[in-house]
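Asker: Chains as they are written, first to last, in numbering that gives the first Met the number 0: chain D, 0 to 105; chain P, 0 to 200.
Worth double-checking, as some hints may not be accurate.
To be verified - Simulated coverage check for chain D against chain P, where a stretch passes if three residues somewhere in it have a Cβ under 8 Å from a Cβ of chain P: (1) 15-22; (2) 44-58; (3) 64-76.
Said to hold, decoys possible - Derived contacts from chain D toward chain P, CB cut-off under 8 Å, selection only: (4) 7; (5) 26; (6) 30; (7) 33; (8) 35; (9) 36.
For the record, the hints were derived by calculation from the structure and aren't laboratory data. By construction, the Cβ of each residue, glycine as well, lies at the ideal position given by its N, Cα and C atoms.
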Amino acid sequence: MTSLSVPLEAYLTVAASLFCIGVWGLINSRNAVRVLMSIELMLNGVNINLMAFSTYLDGAEIRGQVYAIFVITVAAAEAAVGLAILLSLYRNRDTVDMERFNLLRW
Amino acid sequence: MPPLAELTQLIVFALLAAAVLVGAIGVVILPNIVYSAFLLGGVFLAVAGLYLLLNASFIAAAQVLIYVGAVNVLILFAIMLVNKKEAMAASPGVGVRRLLSSGVCAGLLWLLLRVTFTTAWATPGPSQVGEGAVIRLGEHFFSDYLLPFELASVLLLMAMIGAIVLARRDVLSTDIATGEAVDQGLIEKSRTPLLMENTPQ
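Looking at chain D on its own, in the form it has when it is part of the complex (with noise of 0.2 Å):
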């Protein structure tokens, strides 16, 4: 039986400073690959919320680790495809520069 010393409250606080981190970068980066870099900066942010909740509150049925799995998994599975959509954008227009995709805009 592992003590936890550190408060949940410390988990919870890191957990939200690197999902705004990533909120903050997904809205202001230009380049479209550190865009995908803030998703998954969010992803991780989130992740730490369900194990740090999967630990303190729900220690005996870590439901929360189970959850962080299909996390970690449909991240993995977005990375791919967004890279794949990136790479097929970048033969079309030859940039990656996110202000320039604009085709579907008015």
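Starting from the known structure of chain D, arrange chain P on it as the hints suggest.
Answerer: Just chain P, lined up with the frame of chain D:
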């Protein structure tokens, strides 16, 4: 395994949290995207360390294998494939946009922290399973979470096929096995740029 001393846990947590936050800020603001990608790998490793601190050794291993081993390498490959030095044209109102988005993010952070610190969490919860976590995870996957587990495999298959179809360059002009010319119509179609009218040359 004896539990880590409390002070050690606190110090390790502080180091890992600092690594996560500094690395994440670096990922977002560093001008060179290759540095960003390597820092992202560091952030993933530090998050895996946090999972170890939370008694979740299986998820930590999965994090290292999937995020550092697969996703980060994939991102690096994408950077190498699209790595063109391009001077991004300055768009109007970038400063205002950054200011506004920083305000929004700070507000979101404030909201999340307020929720975190005003809620009375029911800690300590039930006793930890500790090293039996992997067994418990397997039980969950093959009993009450069986349907999502199977759906995840279908999702991965769909993502794999979709990524191959989207990223394939073009059709070979001759069949590798027979050496004969393959259907030319397919090649012409695959070489036509789709969005020509907006592409600056």
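Asker: Give a verdict on every hint.
Answerer: Status of the hints after comparison with the structure:
Taking a C-beta to C-beta cut-off of 8 Å, the segment 15-22 of chain D contributes 8 residues in contact with chain P, enough for the three needed, and the coverage statement holds. Only residues whose C-beta sits within less than 8 Å of a C-beta in chain P count toward coverage, and the segment 44-58 of chain D has 10 of them, enough to reach three; the restraint holds. Under a criterion of three residues with beta carbons nearer than 8 Å to beta carbons of chain P, the stated coverage of the segment 64-76 of chain D is upheld, 11 such residues being counted. Taking 8 Å as the C-beta cut-off, the interface hint given for residue 7(D) holds, the closest approach to chain P being about 6 Å.
Using the Cβ-Cβ criterion of 8 Å, the hint placing residue 26(D) at the interface with chain P is satisfied: the shortest such distance is roughly 4 Å. Interface hint status for residue 30(D): upheld, as the beta-carbon distance to the closest one in chain P is roughly 6 Å, under 8 Å. Given hint, residue 33(D) at the interface with chain P, holds; its Cβ is 6 Å from that chain's nearest Cβ, closer than 8 Å. For the restraint placing residue 35(D) at the interface with chain P, the shortest Cβ-Cβ distance is roughly 7 Å, inside the 8 Å limit, so the hint holds.
Interface restraint check: residue 36(D) against chain P, minimum CB-CB distance 5 Å, threshold 8 Å, status holds.
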